[in-house]
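Going down the list, the protein sequences come from chains H and D. Going by my numbering, the final residue of the first sequence carries number 287, and the count climbs one at a time with no gaps. Going by my numbering, the final residue of the second sequence carries number 287, and the count climbs one at a time with no gaps.
Derived by calculation from the structure, the hints in this document are not laboratory data. Please note that a few of the clues may not be correct.
A pair counts as met if it fits within one copy or between any two copies, since identical chains are not told apart.
[What the hints assert, rightly or not] Distance condition first, Cα-Cα at most 30 Å in a straight line; then the derived DSSO-like pairs of lysine-lysine:
no., residue 1, residue 2
1, Lys251, Lys162
2, Lys251, Lys212
3, Lys212, Lys142
4, Lys277, Lys128
5, Lys277, Lys251
6, Lys128, Lys212
7, Lys251, Lys42
8, Lys22, Lys212
Given the structure is predicted, the values throughout are model-derived calculations rather than measurements.
2 protein chains.
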Amino acid sequence: MIDRLAIIGVGLIGGSLALALKQAGAVGHVVGCGRNQQSLEKGIELGIIDSYQISVSDAVKAADIVVVAVPLGAMRRVFEQIAGAITDQAVITDVGSAKASVVEVAMECLGDRVGQFVPGHPVAGTEKSGVEAGFASLYQNKRVILTPLDSTDQGAIETIDKMWRQCGASIEYLSVQHHDKVLAATSHLPHMLAYALVNFLSGLNEHDEIFKYASGGFRDFTRIASSDPVMWRDVCISNGDALLALIEQYKNELDQVSAAIQNQDAGRLLELFGNAKSERDSLVGNC
Amino acid sequence: MIDRLAIIGVGLIGGSLALALKQAGAVGHVVGCGRNQQSLEKGIELGIIDSYQISVSDAVKAADIVVVAVPLGAMRRVFEQIAGAITDQAVITDVGSAKASVVEVAMECLGDRVGQFVPGHPVAGTEKSGVEAGFASLYQNKRVILTPLDSTDQGAIETIDKMWRQCGASIEYLSVQHHDKVLAATSHLPHMLAYALVNFLSGLNEHDEIFKYASGGFRDFTRIASSDPVMWRDVCISNGDALLALIEQYKNELDQVSAAIQNQDAGRLLELFGNAKSERDSLVGNC
């Protein structure tokens, strides 16, 4: 049982975590923290948090677990305020989609308390954002990746591992660098492609008709282009090098498709699409 | 009431049309035609067709309406056999995702019967294919685009317009060229991007982990990469020029994202993603 949980940033991710833990009977008091008082009031109204603080240091001071669920670009501001306010027993985790930049911030801000910090990333979400978007089952059968350092306290890891399992998630361990490389491919790159596609189409002359004739496939394909722009701006800044390399490589892959079309190479096109289909079909069984 | 409907190619699209018309009580006898006898037997077993023929000319000979629902690359073979076999009253339509190539084939094969042909494209589908994938509600609230020529018989247009309305679809009229340009952007390009993404990721060293950590967003984004490779091979051959131009332009759009990441231009990234999000959010209300 977590007696007192502090959620810094009560949006889709932080709010859903609070709801899931409450539903599991795994938490006593949840204190929310954020800069938007109206949103925090909404969190109380929706039963997501039990109280709130505007100041991070007030929110975390008696907490057993502190979950930092703010965009990557706001991590430093939050960690600076956590450092001097938590107890020796408190465990801190985060939910950032890129881990190297958060670990760097945590090491700088937490000093000799850095062992209390367990870097984490729940691989779950929707294209919606904000406190109203939260729901208790978001993490059911989803993966949470933890990327502890050599210096991370073993008890702290176990605490965060257990917290996420109580939300229905399974836990995986990766190194910080490996996480950032894999997620750049599986999550960050697709978001860039979707954002670029919607922008590209919206700039065409036939813009209105294009969206008019959009099919269900198009709607699914571009769903992630409705994701929170602030979050993704920060992912790009935090994991830019990995992402830039992948975008360039992806363009080469597109060139292969173009070459096959240009050459009217029916056999090659069938090979390209057949390979993608079988990879994707086998994936559906796995996730 | 359509007394006798011939469906050439009883897959997802043709099969769903038959089911929808049967459910609406709008058709008497449905004769299926295809090269795979087992699949046609399955169509009868599932109540999708009432009888079948292996020969196209046998299938169409007493039909009131002939629907050609084969991949674009098989259109010529089918239209060649239709030409001499149909009655003067029969109306022919197709469901091809690109229209110029079908119209060209129809003009060559049908000769002075070309006025009986109404080129069509139901903007509906799933990533599944084959007769078992058909379902009666596929066209409910979907758009069907008809691209008649100046020479197309007005009565024939009305017949096909009514047929699709009875399936729950709304009908739009576009010129052949306009259709192919708009659909290249809204459908053909996204399919290429999805196929290329899956192929790209499957070629990376971290392949297994990438698919392991794939989130729901990734699954949605790549759904269309499970689409029928033969169909998409033929779309690429049929509408290659429009598609090639769009792929090149899309790469330029990606370069804008890369430049903003490279320059760590937070303002520009927020603008790019914010614009895409608002375009996409407004789209969801429209389709």
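_Regarding Lys22 and Lys212, is the shortest C-alpha distance of 30 Å or less found within a copy, between copies, in both, or in neither?_
between (43 Å within a copy, 29 Å between copies)
*From the Cα coordinates, with 30 Å as the cut-off, is the pair Lys212 and Lys142 best called within, between, both, or neither?*
between (34 Å within a copy, 11 Å between copies)
*At most 30 Å between C-alpha atoms: does Lys251 with Lys162 qualify within a copy, between copies, both, or neither?*
neither (41 Å within a copy, 44 Å between copies)
*asked:* At most 30 Å between alpha carbons: which applies to Lys251 and Lys42, within, between, both or neither?
replied: neither (44 Å within a copy, 42 Å between copies)
*From the Cα coordinates, with 30 Å as the cut-off, is the pair Lys128 and Lys212 best called within, between, both, or neither?*
Both: 23 Å inside a copy, 23 Å across copies.
_Intra- versus inter-subunit Cα pairing at 30 Å for Lys277 with Lys128_ = both (28 Å within a copy, 11 Å between copies)
*asked:* At most 30 Å between CA atoms: does that hold for Lys277 and Lys251 within a copy, between copies, both, or neither?
replied: both (20 Å within a copy, 23 Å between copies)
*Go through the copies and call it for Lys251 and Lys212: within, between, both or neither, with a Cα cutoff of 30 Å.*
both (28 Å within a copy, 24 Å between copies)
Violated hints, listed in ascending order, are 1 and 7; each of the other numbered hints is respected by the structure.
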